[in-house]
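As you go down the protein sequences, you meet chains V and E in turn. In terms of the working numbering, the first sequence is residues 386 to 498. In terms of the working numbering, the second sequence is residues 85 to 195.
Derived from the structure by calculation, the hints contain no laboratory data. Heads up, the beta-carbon is just placed ideally off N, CA and C, and yes, glycines get one too. Treat the hints loosely; a few may be bogus.
To give a feel for the contact side, a few chain E residues facing chain V, derived at Cβ under 7 Å [as the list claims (entries may be wrong)]:
hint: 1; residue: Gly100
hint: 2; residue: Tyr123
hint: 3; residue: Pro124
hint: 4; residue: Glu126
hint: 5; residue: Pro128
hint: 6; residue: Gly144
hint: 7; residue: Glu187
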Amino acid sequence: NAGVTQTPKFQVLKTGQSMTLQCAQDMNHEYMSWYRQDPGMGLRLIHYSVGAGITDQGEVPNGYNVSRSTTEDFPLRLLSAAPSQTSVYFCATQLAGLTDTQYFGPGTRLTVL
Amino acid sequence: DQQVKQNSPSLSVQEGRISILNCDYTNSMFDYFLWYKKYPAEGPTFLISISSIKDKNEDGRFTVFLNKSAKHLSLHIVPSQPGDSAVYFCAASAGGSRLTFGEGTQLTVNP
């Protein structure tokens, strides 16, 4: 039982490059979310999904795309990376409607040059 | 518009003493509050929560207090241990599962 896994752990991109951050869970949780953590800003919600085939925008969605084709996977795509997207990205899962059962992955540290 | 604020970026306490971490919120629709703990290079982990129908919730050394009239909650850790050194995030939810997080407070417990 791996819980929530994120790959890669670290990534350096050049401005304008695209990439996909992977998130997978084996807990059969309906809700999945992507957050970014920046110094002095806490965790900000990028996109979330309440189930396979359903996604919605969070607080800071611009520059990111998501899809949810299966319960297990929730990839985050950066279409054209910008230095402002340098951050630590966390994927989280939870049982729908039960806020305190949210589980976070270990994070991906992304640097955009 | 920061709806959940943790005004102290850092806090340092001696081992064995009480740690008090504070959090203020502005959205009166928030009805569920949580504290998460985060070690370096790891994701946040759930610590303790409180519903707006309560004013206190305890779990071992951790107690969360909620003052709805002041829109303020606090996390008390007694006694503090060096292993409690981490970043603590306050979070709030308004009737659903989307959480709004505060900026975090770095707690350092000195031996």
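For which of the previously enumerated hints does the structure constitute a violation, in increasing order of number?
Violated: hints 1, 2, 3 and 6.
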